[in-house]
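Protein chains in written order, with my numbering: chain A, 1 to 439; chain B, 1 to 439.
Honestly, the hints are just simulated from the structure, not real lab data. One should not assume that every hint holds.
The list treats identical chains as interchangeable, and a pair is accepted whether it falls inside one copy or across any two copies.
What the hints assert, rightly or not - Each computed BS3-like pair below joins lysine-lysine, with the alpha-carbon atoms no more than 27 Å apart:
hint: 1; residue 1: K88; residue 2: K6
hint: 2; residue 1: K191; residue 2: K70
hint: 3; residue 1: K127; residue 2: K236
hint: 4; residue 1: K127; residue 2: K6
hint: 5; residue 1: K127; residue 2: K70
hint: 6; residue 1: K6; residue 2: K191
2 protein chains.
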Amino acid sequence: MDKSRKARVVVIGAGFGGLWAVRTLAGTTCDILVLDRNNYHTFLALLYQVAAAELEAEDIAYPVRSIFGKLPAVDFALAQARRIDIEKRVVETDNQAFPYDYLILATGSVPHSFGIRGVEEHAFFLKTLEEGVTLKNHIICSFERASQQIDTEGITGILTFVIVGGGATGVEYAGALSELVHGPIVSDYRKINFLSVRIILLEGTDSLIGHMPESIRSYTFDRLRKMGVEVRLQTKVVEVTPDSVILNGGETIFTRTVVWTAGVRGEPLAFHSGIPTGRDGRVSVLPTLQIPAYPEIYVVGDLARIDINGYSLPMVAQVAIQSAVAAAQNIGRQIVGLEPLTFRYHDRGSMITIGRNSAGVAIGSRTYTGFFAWLLWLVIHLFNLIGFRNRMMVLINWAWDYLLYERAVRFVFPSEASTSPKSSSCADNSGGDADRKKK
Amino acid sequence: MDKSRKARVVVIGAGFGGLWAVRTLAGTTCDILVLDRNNYHTFLALLYQVAAAELEAEDIAYPVRSIFGKLPAVDFALAQARRIDIEKRVVETDNQAFPYDYLILATGSVPHSFGIRGVEEHAFFLKTLEEGVTLKNHIICSFERASQQIDTEGITGILTFVIVGGGATGVEYAGALSELVHGPIVSDYRKINFLSVRIILLEGTDSLIGHMPESIRSYTFDRLRKMGVEVRLQTKVVEVTPDSVILNGGETIFTRTVVWTAGVRGEPLAFHSGIPTGRDGRVSVLPTLQIPAYPEIYVVGDLARIDINGYSLPMVAQVAIQSAVAAAQNIGRQIVGLEPLTFRYHDRGSMITIGRNSAGVAIGSRTYTGFFAWLLWLVIHLFNLIGFRNRMMVLINWAWDYLLYERAVRFVFPSEASTSPKSSSCADNSGGDADRKKK
Chain A
1 MDKSRKARVV VIGAGFGGLW AVRTLAGTTC DILVLDRNNY HTFLALLYQV
51 AAAELEAEDI AYPVRSIFGK LPAVDFALAQ ARRIDIEKRV VETDNQAFPY
101 DYLILATGSV PHSFGIRGVE EHAFFLKTLE EGVTLKNHII CSFERASQQI
151 DTEGITGILT FVIVGGGATG VEYAGALSEL VHGPIVSDYR KINFLSVRII
201 LLEGTDSLIG HMPESIRSYT FDRLRKMGVE VRLQTKVVEV TPDSVILNGG
251 ETIFTRTVVW TAGVRGEPLA FHSGIPTGRD GRVSVLPTLQ IPAYPEIYVV
301 GDLARIDING YSLPMVAQVA IQSAVAAAQN IGRQIVGLEP LTFRYHDRGS
351 MITIGRNSAG VAIGSRTYTG FFAWLLWLVI HLFNLIGFRN RMMVLINWAW
401 DYLLYERAVR FVFPSEASTS PKSSSCADNS GGDADRKKK
Chain B
1 MDKSRKARVV VIGAGFGGLW AVRTLAGTTC DILVLDRNNY HTFLALLYQV
51 AAAELEAEDI AYPVRSIFGK LPAVDFALAQ ARRIDIEKRV VETDNQAFPY
101 DYLILATGSV PHSFGIRGVE EHAFFLKTLE EGVTLKNHII CSFERASQQI
151 DTEGITGILT FVIVGGGATG VEYAGALSEL VHGPIVSDYR KINFLSVRII
201 LLEGTDSLIG HMPESIRSYT FDRLRKMGVE VRLQTKVVEV TPDSVILNGG
251 ETIFTRTVVW TAGVRGEPLA FHSGIPTGRD GRVSVLPTLQ IPAYPEIYVV
301 GDLARIDING YSLPMVAQVA IQSAVAAAQN IGRQIVGLEP LTFRYHDRGS
351 MITIGRNSAG VAIGSRTYTG FFAWLLWLVI HLFNLIGFRN RMMVLINWAW
401 DYLLYERAVR FVFPSEASTS PKSSSCADNS GGDADRKKK
């Protein structure tokens, strides 16, 4: 590397990892380029609320160029990275190739079907803003379909909603969906018999949110049951079809809606670039967050498998933020000729929300449940949203939902089979034609 | 019709016409069914602001079921009407068929290409929420493309924006686009030379907004020029290609963005149902707003050609609202055995906004321009939005734009070539491949 020019750092991904890496790097002497396939950052912690018609997609998104607009050393390119040439130190995209001196890979994770038949084709995912909107549209379309269904035969499947995976996303979406359906939806559709609505949460192990303390786990289980969610533990899915899920015991549940939150794996860019990845697509990093043999490449966030004392850090926002800061600091050290340092993780606790006035928070050895935990959850999430305007919009939407038991954004929009091949044109196809729905 | 049951009125379309028809009918003794292909009403007067990244799509949409939720006689079906069997008195949709005793057709208007080559394939329209979002995404993608363009050759076309049609929509969008580009966009893209940005407004006649008084016309013309919009009168388009527009004089303007606001025609449902329509697809109605020979069918709003003293009423919201109320009242009269009355139109004036602090308002023989007119425009539009929440959201977004010269919602979302075949995946295709762009 030519010593007379500034080091060029490329950061792939504008999630929590990417943002915090850039924020940290901006204090050092280097040129920074951020690549993302979207021109906005998505606050994924609230994505399930978009899918439950509580928030608008725009409320949890923030333009990347606004975030970095005031940092002269930072540039952004809207580009889908296709492959990293780790020998030539170049990121290839569909348009340009971007050379780097240092690289931070922060591309996150994608849904993992574990090879189970029909999941990719028929299940809904909840990992991108598009998927959140697609799922919301599908849920509302389901009730529009049910309200026009003449033969009652198809109704059962249309009004049965199955969520697979009892982790945080599955639990939070089950709660939010239950509140959507048993609140605003009931008053919208007077013709529908809501006794036929089922929301089923399937979990393969013997507990929901296994990473949380026992008191929060049992609180969550009870709350969901009280909200009308059928929680089924030790239940595995063996196949998803256009109109059912088949369980490991052989049982078939008829449903047109399978939300797959059962697992994630590393986003495949690293794998496609020849960087060694595990079975879950993640990159095992050195204690410094570098990859072996390529000291200029760092991996942070969900994509990184960070083992500390034989224990692998969870794929959560706190790990993404802290690992990104550490990686950026290590690059800063390398630039001035110092050795990178070992990453140390500080567990700040974890939280989950189930619904109105109802959450669980674990900080250190303390746990809180109920209204206080819910308030805490609310404040922390508002605070972590980027941008004053987004905070205001979310607060207004939450206040609206809370005080009026309303969901203001229950549109089917965009209406055309647009954001995903799984979505459908609701108006044109209100019947039982599963193949067209999932075309 | 069986006298022992209530009359069944079907209203097709949930625009201004449909909403006001239902609101009026709800006071009479009948069952009302509203059909629309969307489950929301769109406040079209502000659609150009969605396309200029000023407002979120959800801000100008309102769920139909919320509007009618408290009226027990009103039902809604999300359905695309395909054909009306005017002999059998049945509306056919892709799913069910809906019989009626009385029918109000309020399906509005669609863009009219006048058969000019390439318009349908390559121009952007601005008549639906999806089209507004698609155009916004395209505009922002254009700057993302320009910022990555290595050869400067393609830049000219990417940064030239042509709006065809100097009516209200064309004028308002030209102004809003100019403010978007020369404000927030400039600060986002430091690499782009903004001297190469052109916004061109083409009008076939010798004046912009021909329906407005002369003082407002000349004010508008001057304001647009001061905002950097190239206004070209007496200029007609003969062809639109993927990367240019060709004018009647033979001149070619290289551009990747042609926004077609040059004309509208009646939505084709009436035509497809064998109801006589004019060359512009509109239905010439009787003075009572019925169609000849079918006294149970009314046509209101843009779809109706309403001639009063040899003068045809314009396709504006006020005509839609007033004709819808009159049609509903006439149905109420028919139900109780009275004759329908002749429709009388009361001109409430017209207004146009060009940009910040800048609008024109004509009420009776009075005209206002400048800041006061802009305030009036603002208040009236806020007031006409449906729903307190939408008003609040729009007000916040406007205040934001106004005070901070910001546009908070400049996302490319949904990112995939989704809402229209004209949109493109911005990240994957930032180069000069016009065919893929318009695929």
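**Message:** Reference check for the pair K191 and K70, CA-CA at most 27 Å: within, between, both, or neither?
**Reply:** between (54 Å within a copy, 14 Å between copies)
**Request:** At 27 Å max between alpha carbons, let me know whether K127 reaches K70 within a copy, between copies, both or neither.
**Result:** neither (29 Å within a copy, 36 Å between copies)
**Prompt:** Are the CA atoms of K127 and K6 at most 27 Å apart within a copy, between copies, both, or neither?
**Reply:** Neither. Shortest intra-copy (36 Å) and inter-copy (49 Å) distances fail the 27 Å Cα cut-off.
**K6 and K191: within-copy, between-copy, both or neither at 27 Å Cα** = between (67 Å within a copy, 19 Å between copies)
**Message:** Please sort K127 with K236 into within, between, both or neither, judging by C-alpha distance up to 27 Å.
**Reply:** So K127 and K236 pass the 27 Å test inside one copy only (21 Å; across, 47 Å).
**Prompt:** Is it within, between, both or neither when you check K88 against K6 at 27 Å Cα-Cα?
**Reply:** within (18 Å within a copy, 78 Å between copies)
Hint compliance for this structure: hints 4 and 5 are broken, all remaining hints hold.
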